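Peer 1: Start from the sequences, fold in the hints, and give me the full structure.
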Amino acid sequence: MRISQFLDKDCIKIPLLKEKKYEVIEELLDLITDKYPEIDRQEILQNLIDREKLESTAIGNHVAIPHARSNKIQKVYFAFGITEKSESFDALDGKPVYLVFLLLCPEKKISTQLTFLARLSRILHDKKLIKKLMKCKNSQNVIDIFTEYENIHFS
Amino acid sequence: MKLIIIFLNKIEYLDDLLSAFLEIGVPGATILDSVGMGHIVSHDIPIFAGLRDFFSGSSPTNKTILMVIKKDMITKIDEVLKDVTGYHKETGIAKMISVPIDGLFGFEK
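So the protein lines, in turn, are chains U and C.
Add 963 to the 1-based position in the first sequence for our numbering, that's all there is to it.
Add 299 to the 1-based position in the second sequence for our numbering, that's all there is to it.
No wet-lab data here; the hints were simulated from the structure.
Check before you lean on any hint, since a few could be wrong.
[Stated by the list, open to error] Distance condition first, Cα-Cα at most 30 angstroms in a straight line; then the derived DSSO-like pairs of lysine-lysine: (1) U:Lys1072 <-> C:Lys375; (2) C:Lys362 <-> C:Lys388; (3) U:Lys1048 <-> U:Lys1071; (4) U:Lys1071 <-> C:Lys309; (5) C:Lys369 <-> C:Lys394; (6) U:Lys972 <-> U:Lys1098; (7) U:Lys1071 <-> C:Lys369; (8) C:Lys408 <-> C:Lys388; (9) U:Lys1035 <-> U:Lys1016; (10) U:Lys972 <-> U:Lys998; (11) U:Lys1072 <-> U:Lys998; (12) U:Lys1035 <-> U:Lys1100; (13) U:Lys1071 <-> C:Lys394; (14) U:Lys1058 <-> U:Lys981; (15) U:Lys1100 <-> U:Lys1058; (16) C:Lys388 <-> U:Lys1072; (17) C:Lys309 <-> C:Lys408; (18) U:Lys1072 <-> C:Lys394.
[To be verified] From the structure, some residues in chain U lie toward chain C, with a derived Cβ separation under 7 angstroms: (19) Ile1012; (20) Arg1014; (21) Leu1017; (22) Ile1022; (23) Glu1070; (24) Leu1080; (25) Ser1084.
[Claimed, not checked] To give an idea of the interface, some chain U residues facing chain C are shown, with a C-beta separation under 8 angstroms as derived from the structure: (26) Thr1020; (27) His1030; (28) Leu1055; (29) Asp1056; (30) Ile1073; (31) Leu1077; (32) Ile1093.
In this text the structure is predicted, and so the values were computed from the model without any measurement.
C-beta atoms are modelled at their ideal positions from N, C-alpha and C, and glycine is treated no differently.
Peer 2: Here you go:
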């Protein structure tokens, strides 16, 4: 599985306009639902909030990966955004979150969600990659950086 | 000789299982406290917390039983495990594997 294959220019926003955790999540969700209006936005949003209340998805190093499953979607949806100012997102390390990845998976695709989260959270332990991503000015930059990184490390 | 490894998820069967092994002549075993990967991943790594419901059937701890036995004991051990736990009828109770041994050191002759 390659993260770069799931990145879609239309679902990347730099910068994100919102600053508060749940508003940022909604802003990213809107990128997906604007492109795929058949998605039940309210249901997914509630699932994202429920998951966030269980335990924060901010994994540290300025990264958060809010995610949810739903039995009303049939494939993986992925969005990414960079905030200029944000709350801590209740991050494990207490640092502010700038890089936010939003992941939606079909309810029954547990293994897909596991693989995706494992790959993404492992990649995002690389502080050099995070620095590069934080400097991105447009969606193509993001796609290029992920593609290059995965070509080197997961060829 | 074989190494038998039993992963016992339903630890309430442990006492009866060990008694039954003694009855059929198993000379000894090593019992380890163990934890399944799913439980650790979903409880100790926050990003996977959303998968707790998926792993809810897994017990927080299980036992791993290691035994060195003669090859002809395998069937008896399987029968005892079936008899005590019913692991052949339902998944998630126990699993057993056997591994050939190519050297034994420090064992009584």
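Peer 1: Look at each hint and say if it fits the structure.
Peer 2: These are the hints, each one checked on the structure:
1. With a CA separation close to 40 angstroms, the supplied pair Lys1072 of chain U and Lys375 of chain C exceeds the 30 angstroms bound.
2. For the proposed pair Lys362 of chain C and Lys388 of chain C, the alpha carbon gap of about 20 angstroms is at most 30 angstroms, so the pair holds.
3. Distance restraint check for Lys1048 of chain U and Lys1071 of chain U: the Cα-Cα separation of roughly 35 angstroms exceeds the 30 angstroms cut-off, and the hinted pair is therefore not satisfied.
4. Pair hint Lys1071 of chain U plus Lys309 of chain C holds up; C-alpha atoms about 26 angstroms apart against a cutoff of 30 angstroms.
5. For the hint linking Lys369 of chain C to Lys394 of chain C, the alpha-carbon distance of about 19 angstroms falls within 30 angstroms, and the restraint holds.
6. For the suggested pair Lys972 of chain U and Lys1098 of chain U, the alpha carbons sit about 17 angstroms apart, so the restraint of at most 30 angstroms is met.
7. About 44 angstroms separates the Cα atoms of Lys1071 of chain U and Lys369 of chain C, which puts this hinted pair outside 30 angstroms; it is violated.
8. Between Lys408 of chain C and Lys388 of chain C the alpha-carbon distance is near 38 angstroms, which puts this suggested pair outside the 30 angstroms criterion.
9. The straight-line distance between the Cα atoms of Lys1035 of chain U and Lys1016 of chain U is roughly 21 angstroms, inside the 30 angstroms bound, and the hint therefore holds.
10. A threshold of 30 angstroms between alpha carbons decides the hint, and for Lys972 of chain U with Lys998 of chain U the separation of about 11 angstroms falls inside it, so the pair holds.
11. Among the hinted pairs, Lys1072 of chain U with Lys998 of chain U is consistent with the structure: their alpha-carbon atoms are about 22 angstroms apart, no more than 30 angstroms.
12. For the given pair, Lys1035 of chain U sits about 34 angstroms from Lys1100 of chain U by alpha-carbon distance, which is inconsistent with the 30 angstroms threshold.
13. Proposed proximity of Lys1071 of chain U and Lys394 of chain C is supported: the alpha carbons are some 25 angstroms apart, at most 30 angstroms.
14. Distance hint between Lys1058 of chain U and Lys981 of chain U is fulfilled; the C-alpha atoms sit about 17 angstroms from each other, no more than 30 angstroms.
15. At roughly 22 angstroms between alpha-carbon atoms, Lys1100 of chain U and Lys1058 of chain U fall within 30 angstroms of each other, so this suggested pair holds.
16. The hinted pair formed by Lys388 of chain C and Lys1072 of chain U meets the criterion: a straight-line CA distance of about 27 angstroms does not exceed 30 angstroms.
17. A hinted pair counts as satisfied when its Cα atoms are at most 30 angstroms apart, and Lys309 of chain C with Lys408 of chain C does not qualify at roughly 34 angstroms.
18. Distance check on the hinted pair: Lys1072 of chain U and Lys394 of chain C sit about 25 angstroms apart at the alpha-carbon level, within 30 angstroms; holds.
19. Violation of the interface hint for Ile1012 of chain U is found here, the shortest Cβ-Cβ separation to chain C being roughly 12 angstroms, above the 7 angstroms cut-off.
20. The interface hint given for Arg1014 of chain U holds, since its Cβ lies 5 angstroms from the closest Cβ of chain C, which is under the 7 angstroms cut-off.
21. The interface hint given for Leu1017 of chain U holds, since its Cβ lies 5 angstroms from the closest Cβ of chain C, which is under the 7 angstroms cut-off.
22. For the restraint placing Ile1022 of chain U at the interface with chain C, the shortest Cβ-Cβ distance is roughly 5 angstroms, inside the 7 angstroms limit, so the hint holds.
23. Proximity of Glu1070 of chain U to chain C is violated relative to the hint, the smallest CB-CB distance being about 10 angstroms (cut-off 7 angstroms).
24. Look at Leu1080 of chain U: its Cβ gets to within about 6 angstroms of chain C, closer than 7 angstroms, so that hint holds up.
25. This hint holds: Ser1084 of chain U has a C-beta 5 angstroms from the nearest C-beta of chain C, less than the 7 angstroms allowed.
26. Interface restraint check for Thr1020 of chain U: the shortest CB-CB distance to chain C comes to about 6 angstroms, inside 8 angstroms, so the restraint holds.
27. For His1030 of chain U, the shortest C-beta to C-beta distance to chain C is roughly 7 angstroms, which falls under 8 angstroms, so the interface hint holds.
28. With a least beta-carbon distance of about 6 angstroms to chain C, the hint placing Leu1055 of chain U at the interface is held under the 8 angstroms criterion.
29. With 8 angstroms as the threshold, the beta carbon of Asp1056 of chain U stays out of range of chain C, its nearest partner Cβ sitting at about 11 angstroms, so the hint is violated.
30. Restraint check, Ile1073 of chain U versus chain C: the minimum CB separation of about 5 angstroms is within 8 angstroms; hint holds.
31. Hint status for Leu1077 of chain U: holds, given a least beta-carbon distance of 7 angstroms to chain C, under 8 angstroms.
32. For Ile1093 of chain U, the shortest C-beta to C-beta distance to chain C is roughly 15 angstroms, which exceeds 8 angstroms, and the interface hint is violated.
Taken one by one, the earlier hints fail for this structure at numbers 1, 3, 7, 8, 12, 17, 19, 23, 29 and 32, listed in ascending order.
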